[in-house]
Structures are given as structure tokens and as C-alpha cells.
Amino acid sequence: MRPTALRTIFVNASRAAQYSYAQRTVPAVFTRFYSAGGLSRSDIESRVLDILKGFDKIDPQKVALSSHFSNDLGLDSLDTVEVVMAIEEEFSVEIPDKEADEIKTAQQAVDYISKREDAH
Amino acid sequence: MPTFATQSISKPYILHLYRNLLRTSRTFTSYNFRQYAFRRARDSFHAHASETDPNKIAELVKKAEQELLVMKRQGLLNSMYSTEHLVVEDSILAKKKARMAKAAGVA
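As given, the protein sequences belong to chains A and B, one line each in that order.
Residue numbers for the first sequence follow my numbering, so the first one is 1 and each next one is one higher.
Residue numbers for the second sequence follow my numbering, so the first one is 1 and each next one is one higher.
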């Protein structure tokens with residue numbers, strides 16, 4: 001076989017591999033078989049709010065999706081770290097420092113978790 | 001005269017250290033050790049939350065860094081000699097399951 005023919009086979013094969021990879025990851029149906037992944041938004045919202053309500057320094061009455069951890073719920077920066085850690089634990093994910101620092105409201109936590117496909 | 005870091009330690013670094021300590025506290029498999037490590041980190045950080053003296057802060061940060069190393073080592077050791085779950089841990093797990101069931105009911 002000429003080298004060019006080999007090359008063609010290789011390129012086609014790698015394209016096919018990429019194609020099947022894309023096929024496997026894209027459809028939502030598949031993820032459902034493997035884990036509890038693909039949490040629904042209301043599912044995440046409810047659990048995040050429950051976590052917040054269960055935190056000893058938060059008044060459960062004040063908890064809403066729009067709640068800002070420090071402005072509305074009166075948490076300091078240390079408490080905020082604890083809340084984000086509790087959310088991590090609930091959804092079995094590890095949130096990198098940079099992204100964890102960005103989470104300042106219940107809504108942002110929900111948004112972040114819904115982006116994480118490994119959350120369950 | 002003690003020589004402490006003259007530049008002030010940034011707040012993000014302290015929060016990073018705190019997050020690291022809390023995260024490492026979870027590596028203990030034994031419930032009692034895990035809770036103790038978590039509480040100790042939490043309580044000592046909160047106790048000094050309003051500290052303003054830079055020398056004192058540097059000293060506390062150094063201490064926290066040392067504790068983090070100890071906790072990392074002990075957490076790892078503890079996970080090598082894991083025991084069965086305690087009854088209290090089952091109830092924590094049950095609470096999480098209840099939250100998930102409730103959330104699924106809402107969905």
C-alpha cells in the first residue's frame with residue numbers, strides 16, 4: 001500500500017472514532033442509563049434551597065433562589081465557603097477555588113451545578 | 001525579635017486555606033475524627049475572623065498551614081484503617097436521600 005492510502009485510512013478511522021465519541025456523549029438518553037446525571041433544574045433548586053435552610057446560621061424564612069449569601073442571608077466569607085462546600089458534598093462534585101469564589105447567590109449555585117454533568 | 005512576613009496575607013489565600021482544611025477534613029473515614037477535624041477548622045477560623053494585627057494573622061496562617069499538613073497525613077492514614085459506618089452516619093445519608101426524593105417529587 002502506498003503511504004497516501006494508509007494516511008487516508010488513518011484519517012477516516014480517526015474521523016469515525018470522533019464521530020462515535022460525539023454520538024455517545026451528546027444524546028441525553030444515554031446519560032440517563034449510566035447515572036442519576038442530568039438532574040432537572042427544579043431538582044437542583046430544591047436541594048440547594050434545602051441545604052441553605054439547614055445551615056445553622058441561616059434563617060430558613062429568608063431563603064430564596066435570589067438570596068445573596070452575604071447581603072441577604074448575612075453570611076461572612078468563611079460561612080460562604082462552608083455553604084459552597086456543603087453544596088459540593090450534596091452533589092458529590094469538587095468545585096475549583098476560582099469557580100467556588102464566583103458563587104455568591106443561591107441562583108449562581110444552581111446554575112453552576114446544572115452545568116456540571118457529574119453532579120448527582 | 002521574631003521575623004514575620006512583612007507583607008500582609010491576602011484574604012483569598014486565607015479562604016483558599018480554609019477551603020483546603022475543610023475539604024481535607026472530609027478525608028477521614030472515621031466519623032468522629034472527621035467531625036472533629038471539621039469543627040476544629042471551622043471554629044478556629046471563626047474565632048479569629050476579626051483579627052487585624054498582621055503579625056498575628058501571619059502566625060495563625062502559618063499554624064493553619066501546618067495543621068493542614070497534619071490533617072492531610074492523618075486523613076490518609078485514617079482512610080487506610082477504615083471501620084464500619086456508625087448509626088449516626090446512616091441517618092445523615094437518610095436525610096440526603098430524603099432531600100433527593102423530595103426534589104424528585106417537585107420535579
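Keep in mind the hints are simulated off the structure, nothing from the lab.
It is possible that part of the hints are untrue.
With a straight-line cut-off of 30 Å between C-alpha atoms, the simulated DSSO-like cross-links for lysine-lysine are [said to hold, decoys possible]:
{"#": "1", "chain 1": "A", "residue 1": "LYS98", "chain 2": "B", "residue 2": "LYS11"}
{"#": "2", "chain 1": "A", "residue 1": "LYS62", "chain 2": "B", "residue 2": "LYS11"}
{"#": "3", "chain 1": "B", "residue 1": "LYS56", "chain 2": "A", "residue 2": "LYS115"}
{"#": "4", "chain 1": "A", "residue 1": "LYS104", "chain 2": "B", "residue 2": "LYS72"}
{"#": "5", "chain 1": "A", "residue 1": "LYS57", "chain 2": "A", "residue 2": "LYS98"}
{"#": "6", "chain 1": "A", "residue 1": "LYS62", "chain 2": "B", "residue 2": "LYS63"}
{"#": "7", "chain 1": "B", "residue 1": "LYS96", "chain 2": "A", "residue 2": "LYS57"}
{"#": "8", "chain 1": "A", "residue 1": "LYS53", "chain 2": "B", "residue 2": "LYS95"}
{"#": "9", "chain 1": "B", "residue 1": "LYS96", "chain 2": "A", "residue 2": "LYS104"}
{"#": "10", "chain 1": "B", "residue 1": "LYS11", "chain 2": "A", "residue 2": "LYS115"}
{"#": "11", "chain 1": "A", "residue 1": "LYS57", "chain 2": "B", "residue 2": "LYS97"}
{"#": "12", "chain 1": "B", "residue 1": "LYS63", "chain 2": "A", "residue 2": "LYS115"}
{"#": "13", "chain 1": "A", "residue 1": "LYS53", "chain 2": "B", "residue 2": "LYS56"}
{"#": "14", "chain 1": "B", "residue 1": "LYS62", "chain 2": "A", "residue 2": "LYS53"}
{"#": "15", "chain 1": "B", "residue 1": "LYS11", "chain 2": "A", "residue 2": "LYS104"}
{"#": "16", "chain 1": "A", "residue 1": "LYS53", "chain 2": "B", "residue 2": "LYS96"}
{"#": "17", "chain 1": "B", "residue 1": "LYS97", "chain 2": "A", "residue 2": "LYS62"}
{"#": "18", "chain 1": "B", "residue 1": "LYS63", "chain 2": "A", "residue 2": "LYS57"}
So the derived label-pair ranges between C-beta atoms look like this [stated by the list, open to error]:
{"#": "19", "chain 1": "B", "residue 1": "LEU93", "chain 2": "A", "residue 2": "LYS57", "range": "35 to 45 Å"}
{"#": "20", "chain 1": "B", "residue 1": "VAL88", "chain 2": "A", "residue 2": "LYS104", "range": "24 to 34 Å"}
{"#": "21", "chain 1": "A", "residue 1": "SER66", "chain 2": "B", "residue 2": "LEU69", "range": "38 to 48 Å"}
{"#": "22", "chain 1": "B", "residue 1": "ALA98", "chain 2": "A", "residue 2": "ALA64", "range": "38 to 48 Å"}
{"#": "23", "chain 1": "A", "residue 1": "ASP111", "chain 2": "B", "residue 2": "PRO12", "range": "20 to 30 Å"}
{"#": "24", "chain 1": "B", "residue 1": "LEU69", "chain 2": "A", "residue 2": "ALA64", "range": "35 to 45 Å"}
{"#": "25", "chain 1": "B", "residue 1": "PHE33", "chain 2": "A", "residue 2": "ALA64", "range": "12 to 22 Å"}
{"#": "26", "chain 1": "B", "residue 1": "ALA49", "chain 2": "A", "residue 2": "GLY38", "range": "36 to 46 Å"}
{"#": "27", "chain 1": "A", "residue 1": "ARG41", "chain 2": "B", "residue 2": "GLU59", "range": "39 to 49 Å"}
{"#": "28", "chain 1": "B", "residue 1": "GLU65", "chain 2": "A", "residue 2": "ARG41", "range": "38 to 48 Å"}
{"#": "29", "chain 1": "A", "residue 1": "LYS53", "chain 2": "B", "residue 2": "ILE9", "range": "25 to 35 Å"}
{"#": "30", "chain 1": "A", "residue 1": "GLY38", "chain 2": "B", "residue 2": "GLU59", "range": "44 to 54 Å"}
Just so you know, even glycine gets a beta-carbon here, dropped at the ideal spot from N, CA and C.
Do the hints match the structure? See the list:
Taking the CA atoms of A/LYS98 and B/LYS11, the gap is near 14 Å; set against the 30 Å cutoff, the hint holds. At most 30 Å may separate the alpha-carbon atoms for a hinted pair to count; A/LYS62 and B/LYS11 meet this at roughly 28 Å. At roughly 41 Å between alpha-carbon atoms, B/LYS56 and A/LYS115 are farther apart than 30 Å, so this suggested pair is violated. This hinted pair checks out: A/LYS104 and B/LYS72 have alpha carbons roughly 28 Å apart, not beyond 30 Å.
Restraint check for A/LYS57 and A/LYS98: satisfied, since their Cα atoms lie roughly 24 Å apart, inside the 30 Å limit. Restraint check for A/LYS62 and B/LYS63: the C-alpha separation of about 36 Å exceeds 30 Å, so the hint is violated. Between the alpha carbons of B/LYS96 and A/LYS57 the distance comes to roughly 20 Å, so the proposed pair stays at or under 30 Å and holds. Proposed proximity of A/LYS53 and B/LYS95 is supported: the alpha carbons are some 13 Å apart, at most 30 Å.
Straight-line distance between C-alpha atoms of B/LYS96 and A/LYS104 comes to about 23 Å, which keeps the hinted pair within the 30 Å bound. A distance of roughly 28 Å separates the Cα atoms of B/LYS11 and A/LYS115; the hinted pair therefore holds under the 30 Å criterion. Simply put, A/LYS57 and B/LYS97 have alpha-carbon atoms about 23 Å apart, close enough for the 30 Å limit, and the pair holds. Restraint check for B/LYS63 and A/LYS115: not satisfied, since their Cα atoms lie roughly 37 Å apart, outside the 30 Å limit.
Taking the CA atoms of A/LYS53 and B/LYS56, the gap is about 35 Å. The hint is violated against a cut of 30 Å. At most 30 Å may separate the alpha-carbon atoms for a hinted pair to count; B/LYS62 and A/LYS53 exceed this at roughly 34 Å. At roughly 16 Å between alpha-carbon atoms, B/LYS11 and A/LYS104 fall within 30 Å of each other, so this suggested pair holds. Of the pairs offered as hints, the one joining A/LYS53 and B/LYS96 holds, with about 14 Å between alpha carbons and a cut-off of 30 Å not exceeded.
Our distance criterion of 30 Å between C-alpha atoms is met by B/LYS97 and A/LYS62, whose separation comes to about 24 Å. Restraint check for B/LYS63 and A/LYS57: the C-alpha separation of about 26 Å stays at or below 30 Å, so the hint holds. Between B/LEU93 and A/LYS57, the C-beta spacing of about 24 Å breaks the proposed range 35 to 45 Å. Between B/VAL88 and A/LYS104 the beta carbons are some 32 Å apart, a value that agrees with the proposed interval 24 to 34 Å.
Checked against the hint of 38 to 48 Å, the C-beta distance between A/SER66 and B/LEU69 comes to roughly 40 Å, which is consistent with it. About 21 Å separates the C-beta atoms of B/ALA98 and A/ALA64, a value inconsistent with the hinted range of 38 to 48 Å. About 22 Å separates the C-beta atoms of A/ASP111 and B/PRO12, a value consistent with the hinted range of 20 to 30 Å. Checked against the given bound of 35 to 45 Å, the beta carbons of B/LEU69 and A/ALA64, roughly 40 Å apart, stay inside it.
Hint check: B/PHE33 to A/ALA64, Cβ distance near 36 Å, so the stated range 12 to 22 Å is violated. Restraint check, B/ALA49 to A/GLY38: a C-beta distance of roughly 39 Å satisfies the suggested window 36 to 46 Å. A beta carbon spacing of about 46 Å between A/ARG41 and B/GLU59 agrees with the range 39 to 49 Å that was offered as a hint. For B/GLU65 paired with A/ARG41, a C-beta distance near 40 Å keeps the hint of 38 to 48 Å intact.
Between A/LYS53 and B/ILE9 the beta carbons are some 34 Å apart, a value that agrees with the proposed interval 25 to 35 Å. Take A/GLY38 and B/GLU59: their Cβ atoms lie about 48 Å apart, and the range 44 to 54 Å holds.
Hints 3, 6, 12, 13, 14, 19, 22 and 25, counting from the list given before, are not met by this structure.
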